[in-house]
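In order, the protein sequence lines correspond to chains F and R. Position 70 of the first sequence, counting from 1, maps to 70 under this note's numbering, and the rest follow consecutively. Count along the second sequence from 1, add 1000, and you get the number used in this note's numbering.
Worth flagging that the hints you see were computed from the coordinates, not collected in a lab. Any given hint might turn out to be false.
[Claimed, not checked] To spell it out: a stretch of chain R is covered by chain F in this simulated footprint if at least three of its residues, at any positions, have a beta carbon under 8 Å from a beta carbon of chain F; those stretches are:
hint	segment
1	1301-1314
2	1406-1420
[What the hints assert, rightly or not] Straight-line distance between alpha carbons at most 30 Å, and here's what the computed DSSO-like set of lysine-lysine pairs gives:
hint	chain 1	residue 1	chain 2	residue 2
3	R	Lys1091	R	Lys1137
4	F	Lys269	R	Lys1278
5	F	Lys269	R	Lys1037
6	R	Lys1127	F	Lys269
7	R	Lys1159	R	Lys1093
8	R	Lys1210	R	Lys1091
9	R	Lys1137	R	Lys1088
10	R	Lys1137	R	Lys1112
11	R	Lys1091	R	Lys1159
Note that CB positions come from ideal geometry on N, CA and C, so glycine has one too.
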Amino acid sequence: MNAEASASNKQKREKREKPSLWKTISIVFDSRVATVGVVMVSFWLVIAGVSLFWTPYDPNSSDFIQNLSPNATNWLGTDHMGRDLLSRLMQGTQVILLKTRLPGGDHSIPGGVAIWGVLGSLILGAILGLNAGYRRGWTDQIIMQVLDALIAFPQIVLYLVVIAALGQGDLVVILAITITGAPGVARLARSLALDIQTRDYIRAAETRAESVWFIMFREILPNARGPLLVDAMLRVGYAIFMIGTLGFLGIGLPPPDPDWGSMVNEARKYIFVNQLAVIWPALSIATLVIGLNLFADGLREELMRYQK
Amino acid sequence: MIRFLVRSVVSTIVTILLVSIGLFLLIEVGSGDISVKILGVFATPEQRASYRAQLGLDAPVWQRYLDWLIGNDWWAKSRMTYPLITLKNTKTKETEWWADVGGQATRWKMEKGELKRLLRQEDGFSKAVPAVSDWIKGENSEYFFWGVDNRNNAVKFVKGAGEEVWVLTKAGLRKQGDGPRKYIPLRKGLIRGDAGMSWQYNRPVSVVLKPRIRNTLILAGVAFVVVMPLALFFGILAGINEGKPLDRIVSITSLGATATPEFVTGIFLIMIFGIWLKVLPAVTLFTSSDAIFKNPTMLILPVLTLTAVELGYVARMTRASMVEVMDSAYIRTAIVKGMPYWRVVFRHAIRNALMAPITIIMLHVNWLIGGVVVVEVIFGYPGLGKFIFDSAIFGDFSAIEAAAMVTVLIAIITRLIGDLAYTLLNPRVRYA
């Protein structure tokens, strides 16, 4: 009897949630800006998906003449080592969006470096921010002080030194994105928690003598998810931006798998001979990041319109 | 207000301490054996050990941190017979450590088992005289002496038991007998204004860093002067025309510019102006230290790159804030009561619309420093960012620490200015 009741309750809840989920998604298409963003991002997602199974040629083998301009066999030309640029561009999406290579082996886990990095900073930032915002007092002071130091910390030094310590690797880049992203997320989560904790349902939970962690993660966090998600979307853009910059500086994702930033960096030395090898990956990074930004912007505007 | 100031000063100091400790630990764990970078991969383990001892790297971590922060001359002094003094080298203008023996600046060396005083002459050179009487009898009936050597170290000589040391000279490593047993590389510490020696350049950090900071300030300053009026202008323009084609154009262009990484923008600019049109120099070549003043065209592309990224960001912030203000009731009232439109915008809207961008711009400076690193690396501009990049790759501890302290200070000072500007613009804000 009891189990049945809870099951029917669950069903009811699912019924209630489903249309609201679809509503949330369809909001995106209400805004022209967000639609353009979604199209740009899905374009790259599709390419990433295709590249998992098929690329025109092997991205890492030097099969062709160096620095060819676009032609019938190599649609986008070849790079300074005679590798097909289209294949490399396609494969370049994988490390960002689809897979993370684990150290010391051929294994990789699903979810790209940018995705895991942002997820990491969301988790770390939410823990710090909720604690600071809900507990307040000394905890708040200490956490904010540490975060201030982290924000003031010159990020490029952080990367260089962490990478020098742990060696180049996908996990290191994830760690770097996590650490540099967390303070921002924490600040946002803190301000949201400060606002939400004045509500009555938090008083109610406190009266029920719920544990602090329950209140923070089951009462406050779900009510703060909207702004946090929009922020996370923007952060994925920044993370890709950052991966590109690190690759450009020669300290990003390890070879031999192509990564757009390092492609720009390598091709830059031959810029007088072959400008297209620089242009393609540069354009790719720009379009993907712009797409994510448009998406997040449109989403935020629509959400705010609903709030009004 | 006073309480606010005290609080922010204390918090600043704590932040700086935390950053410096964090950096120190990271570099300690991260950068590996510095002797590999300086001596090369072919040096023997003995050579490395000797060289590390000369750099004072055989001391424990906490002691090296304290030495860096508050100096070590004060505790080196307690072991020495004669008081330490610092003198300016007349040629290099760098500070040198000497011992004061009755008014005579003196250093010591051991030669063929004998201790010698090096007396400083007027012309900066020194004269060697025997100094057998300086030996001090210690425990186990050995004779020792703490003096200052030629390389600004406090050193401990032991009679009849000179260490074999490897000294780095211009021609490479040279073996020397009769070396000291222990080295303390003398330094005053950061809080007393001595940033230490750069291992990469083998000169004091302050000497190497100063022109770099100047160059970066010129670059960032010019960029700031170009960006701010333009960004505020376009932001306000887009904000008062919300939804119109003009707003769309400004918004989309600025979004595109912000979302394009600096290195992409920089390379496109190099390609267009340096390679295709051949009108502007694609790199900054510093043939002399004041090359930017002789040939200011070198600055154009780096400044344009920084501008592209920052302009979009600030313009977007200004636009958003302007839209919000123009939407508010008091603006509507002002328009309805028949005030000229431009007057409503200039007298009523702008002041309130500028509050948000100003604080955000000031918080944004740290991010700008990251952008400066990339721009300086692309264009080979010898500034602070490239200095940080090079020193971090080299593992040059004192250099990274000093440069990082400068960037942290810049970040904190701009944040304070932002806070103050906010209070000036917004009389409602009162600090409890």
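Hints, one by one, checked against the model:
1. Counting residues of the segment 1301-1314 of chain R whose beta-carbon sits less than 8 Å from any beta-carbon of chain F gives 0, not enough to reach three: the coverage restraint is violated.
2. Judged by the Cβ-Cβ criterion of 8 Å, the segment 1406-1420 of chain R is covered by chain F as claimed, because 4 of its residues qualify and three suffice.
3. A C-alpha spacing of about 38 Å is found between Lys1091 (chain R) and Lys1137 (chain R), which places the hinted pair above 30 Å, so the restraint is violated.
4. With a C-alpha separation of about 18 Å, the suggested pairing of Lys269 (chain F) with Lys1278 (chain R) holds against the 30 Å cut-off.
5. Between Lys269 (chain F) and Lys1037 (chain R) the alpha-carbon distance is near 25 Å, which keeps this suggested pair within the 30 Å criterion.
6. Using a Cα cut-off of 30 Å, the hinted pair Lys1127 (chain R) and Lys269 (chain F) is violated, with the two alpha carbons roughly 53 Å apart.
7. Of the pairs offered as hints, the one joining Lys1159 (chain R) and Lys1093 (chain R) is violated, with about 34 Å between alpha carbons and a cut-off of 30 Å exceeded.
8. This hinted pair checks out: Lys1210 (chain R) and Lys1091 (chain R) have alpha carbons roughly 18 Å apart, not beyond 30 Å.
9. This hinted pair does not check out: Lys1137 (chain R) and Lys1088 (chain R) have alpha carbons roughly 33 Å apart, beyond 30 Å.
10. Restraint check for Lys1137 (chain R) and Lys1112 (chain R): the C-alpha separation of about 20 Å stays at or below 30 Å, so the hint holds.
11. For the hint pairing Lys1091 (chain R) with Lys1159 (chain R), the CA-to-CA distance comes to about 34 Å; that exceeds 30 Å, so the pair is violated.
Consistency note: the structure conflicts with the earlier hints numbered 1, 3, 6, 7, 9, 11.
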